[in-house]
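In order, the protein sequences belong to chains W and C.
When you line the first sequence up against numbering that gives the first Met the number 0, it's residues 0 to 406, in that order.
When you line the second sequence up against numbering that gives the first Met the number 0, it's residues 0 to 392, in that order.
Read the hints as simulated data drawn from the structure, not as lab findings.
Heads up, some of the hints might be wrong.
No farther apart than 25 Å at their CA atoms in a straight line, the calculated lysine-lysine pairs in the DSS-like style are these [as the list claims (entries may be wrong)]:
{"#": "1", "chain 1": "C", "residue 1": "Lys151", "chain 2": "C", "residue 2": "Lys189"}
{"#": "2", "chain 1": "C", "residue 1": "Lys264", "chain 2": "W", "residue 2": "Lys155"}
{"#": "3", "chain 1": "W", "residue 1": "Lys155", "chain 2": "C", "residue 2": "Lys263"}
{"#": "4", "chain 1": "C", "residue 1": "Lys168", "chain 2": "C", "residue 2": "Lys263"}
Now the in silico label distances, taken between C-beta atoms and shown as ranges [unchecked claim]:
{"#": "5", "chain 1": "C", "residue 1": "Lys122", "chain 2": "W", "residue 2": "Thr167", "range": "41 to 51 Å"}
{"#": "6", "chain 1": "W", "residue 1": "Pro245", "chain 2": "C", "residue 2": "Ala315", "range": "48 to 58 Å"}
{"#": "7", "chain 1": "C", "residue 1": "Ala200", "chain 2": "W", "residue 2": "Met153", "range": "26 to 36 Å"}
{"#": "8", "chain 1": "W", "residue 1": "Ser106", "chain 2": "C", "residue 2": "Lys375", "range": "35 to 45 Å"}
{"#": "9", "chain 1": "W", "residue 1": "Ala272", "chain 2": "C", "residue 2": "Ser121", "range": "46 to 56 Å"}
{"#": "10", "chain 1": "W", "residue 1": "Lys370", "chain 2": "C", "residue 2": "Lys98", "range": "36 to 46 Å"}
{"#": "11", "chain 1": "W", "residue 1": "Pro239", "chain 2": "C", "residue 2": "Thr297", "range": "55 to 65 Å"}
{"#": "12", "chain 1": "C", "residue 1": "Ser121", "chain 2": "W", "residue 2": "Pro245", "range": "28 to 38 Å"}
{"#": "13", "chain 1": "C", "residue 1": "Lys122", "chain 2": "W", "residue 2": "Pro177", "range": "44 to 54 Å"}
{"#": "14", "chain 1": "W", "residue 1": "Pro81", "chain 2": "C", "residue 2": "Lys320", "range": "50 to 60 Å"}
{"#": "15", "chain 1": "C", "residue 1": "Lys96", "chain 2": "W", "residue 2": "Pro177", "range": "57 to 67 Å"}
A quick note: this is a predicted structure, and the numbers were derived from the prediction, not measured.
Glycine included, C-beta positions come from ideal geometry on N, C-alpha and C.
The lines below spell out each chain.
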Amino acid sequence: MSVSRRGFLQGSRSGTASHAREWLAARGHEEFVAELQQGRQGGRGMARPQLPPGVEPIRISSNENPLGPGKAAIDAILGKFPEANRYPFNSTPLDADLEILIAKLYSAKRENVVLGVGSQELLKNAARVFLSPTKHLVIPSPTYGDPAGFAQYMMKVTVKSAPVADKTLKTDLSALLPLVKGAGLVYLCNPNNPTATINSAQEIKDFIAEVKKTSPTTAILLDEAYCDYTTDPSFATAIPMALATPNVVVTRTFSKAYGMAGVRIGYALGDAATIKKMSAWRMPYNVNTFGVAAAVASLKDPAHIKEESARNKAVREFTIKALADMGYHSTESQTNFIFTDIGKTMTAAQFRDACAAKGVMVGRDFPPMEKQWARISLGTMEEMQKATEVFRSVLKTATTTTSGKGQ
Amino acid sequence: MALSRRHFVQTVGIGAGAALTSSVWGRGRENSVWSAFEPELQAVERGVICIASNENPVGPGQKVLGSLRTLLEGGTRPGRYSGQMGELSEAIAGHFKVKTENVLLGEGSTEILRAATQVFTSKTKALVGTIPTYEECAGYAELIGNPVRGVKLNSEFKIDLDAMLAAAKGAGLVFYCNPNNPTATYVGAKATRDFLTKLIAASPETTILIDEAYFDYVTDPDHETHVPFALEHPQVIVARTFSKAYGMAGLRQGYALGHPDTLKKLRGWTASSGTGSLNVFGMAAATVAIGQDASFTTNERKRNAAVRDFSMKWFADRGMKPTDCQANFMFVNIGTPAKAFREACRAKGVMVARDFPPFHQTHARITLGTMEEMQKAVQVFGDVLGKKSTAAA
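With the rest of the complex left out, here is chain W (with noise of 0.2 Å):
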């Protein structure tokens, strides 16, 4: 395994633009981690793709923010070299302040938020908070594996799902609702990875009073990752309703726009009583103190977002259109991905390889959806000029060569 990654690795090696910022922003990990899922499961013809030789790949597998953070967080960062040797409790700015930074910019209190490595552990601990053998955890299908897998592998907790909606995609909550009944939780990922469809703030306002009514104990938590590329206004967060309701939280990160992936740094938002159980989960010292200081400095830079999500959103439409052109519908995405119905033509399998070998790769399979749709993440509007490209020929290559599926 470490001959086939160092390979990749150089095969990326020549790149010189923004390195700090690609560095930071850790593209290509999810689709890292995808290949070690695939291991563990057995591997079912998913293992990586192969890139010809000595081609700088366009990475758009994994979601992450191209070009990375902003100028301020990273002299933040620089800024931190002198206090690498203190704990996060005893550096400046304490992790104490970017709660209290966070808790501001919500009109909250310090005690409803807490800190995470990344939004990764504030699931896991919403999981250990919420779940147990005997409540189970309702998620739409597809979605985020992480709190799924989670539950099952390492809690023993029954799971139960139900299919998005059908030409839409849409996580479909009428369809959850019947699910919740003595559940744990219900996690919501809004918008949903790797649809990249949105439900408005009345859907969730709704669906939050409704779960209330017909189970008053089971919690939800709405995963925000992707929240700020959205563009739809009927999309809000759900940071207020968290607040005033018990058991309903709301986990932020600073590994998408904020483009901080390897930064490792989240955090959640909730009522005082309900975060205080999560806090109890928090490991100790959790969060680095250059993550810290770059994630304060972030949040003081917000114009940074404001044009992060302009920039993806053209480049989303462009990519859209692009491939509406060739015939492949995507939803109607509110992230800085896509999800792209090519089941017409190939599976996900095949479009990632043949993607792969002229030096493109796109996402992992996402089950059950992977016979029909590919999940591409965005890149900068130069790479996508030379994306679609790719797909064009990939596309068109195998309508012409092959009628249907499969090769």
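With chain W held as given, fit chain C onto it using these hints.
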């Protein structure tokens, strides 16, 4: 500032069901327990001497920071961070001349301690450790509702091996912190090896977690790492950290070394496995740090030993006995409650550590700063304790 103290408040709530152990062990966490005693605590102010948290006052050194700066400023490309986990594991494996399957990365050794407690204790298999010791395992065992058995230290504030052996029979996990925090004492290599051998024979189902966080500071000639022992015995795990001698407490990097079958059980509970990852700064820094030649830790040990000898002598000259210090902190019988001492020192710009029950009425833990810091600090100690600042004639 009541809100900011919430960690401790929660902690107390959790510990309530296990009041007996938690009152003695405290509930983990330097910062949260600290907070309870120092509600006004804020970031270390400029000019304040922070000798409270067993940090290396010098930091990771120019080689490590220089390489990080190079990465951030875009000179060379460090690769993707997923790849970095492999590179760091290989660097650690190379340092100890073991295989990467013998290495498990964690978010600080904290995560290793938690994972081991998660996996090896249960409702019927207790955690066993000394009173006092570093509290993370005990705190986490309480959090998940598993029993904790505490063993008193001997009269030299060292691990009482016979008592430990008796208590450990049938236990799930033994936490063996050596040198021990907060008492700074060290059990020699031979005695530890004998203890491990006896315990494995007497209770083969019990896992022993040896926390070697402070190992690089040991000067006792009878010292050696128990990593080779752990490789041969699936019952033994060694935890290490980059937070102490390597000066990287802020970057949250630790690891376990042991038998692959044992580490495999822990992997799912650490962020370095599955879908998780460690932060890129920490991994890059740690990779460079452990790749340095032995002179880095040798120099840091020497620097610390000189400061230790100076500080120990200051107390001994004034009739206050520190324990035999084999770490980068001292545990001193100041003959007066730690709280009053701490608060008085804080008022004069010196931060020393929190209470360590059951010795908080007499003993203070003082981290060793730089020589310059300690020279200033002892002036404050002299003022506070009503001792002459020059040695008694």
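Hint-by-hint comparison with the structure:
1. For the given pair, Lys151 (chain C) sits about 21 Å from Lys189 (chain C) by alpha-carbon distance, which is consistent with the 25 Å threshold.
2. With a C-alpha separation of about 16 Å, the suggested pair Lys264 (chain C) and Lys155 (chain W) falls inside the 25 Å cut-off, and the hint holds.
3. At roughly 18 Å between alpha-carbon atoms, Lys155 (chain W) and Lys263 (chain C) fall within 25 Å of each other, so this suggested pair holds.
4. Between the alpha carbons of Lys168 (chain C) and Lys263 (chain C) the distance comes to roughly 24 Å, so the proposed pair stays at or under 25 Å and holds.
5. Lys122 (chain C) and Thr167 (chain W) have their C-beta atoms about 47 Å apart, which keeps the hinted 41 to 51 Å range intact.
6. The hint said 48 to 58 Å for the Cβ distance between Pro245 (chain W) and Ala315 (chain C), and at roughly 56 Å that hint holds.
7. Between Ala200 (chain C) and Met153 (chain W) the C-beta distance comes to about 32 Å, which sits within the given range of 26 to 36 Å.
8. The beta-carbon spacing between Ser106 (chain W) and Lys375 (chain C), approximately 44 Å, falls within the hinted interval of 35 to 45 Å.
9. The supplied range of 46 to 56 Å is broken by Ala272 (chain W) and Ser121 (chain C), whose beta-carbon atoms lie about 29 Å from each other.
10. A hinted range of 36 to 46 Å holds for the C-beta pair Lys370 (chain W) and Lys98 (chain C), which are about 40 Å apart.
11. Checked against the hint of 55 to 65 Å, the C-beta distance between Pro239 (chain W) and Thr297 (chain C) comes to roughly 57 Å, which is consistent with it.
12. Distance hint check for Ser121 (chain C) and Pro245 (chain W): the Cβ-Cβ separation is about 31 Å, which falls inside the suggested range of 28 to 38 Å.
13. Between Lys122 (chain C) and Pro177 (chain W), the C-beta spacing of about 35 Å breaks the proposed range 44 to 54 Å.
14. Between Pro81 (chain W) and Lys320 (chain C), the C-beta spacing of about 35 Å breaks the proposed range 50 to 60 Å.
15. Evaluation of the 57 to 67 Å hint for Lys96 (chain C) and Pro177 (chain W) yields a pass: the beta carbon distance comes to about 58 Å.
In terms of the numbered hints stated before, the structure departs from hints 9, 13, 14, listed from lowest to highest.
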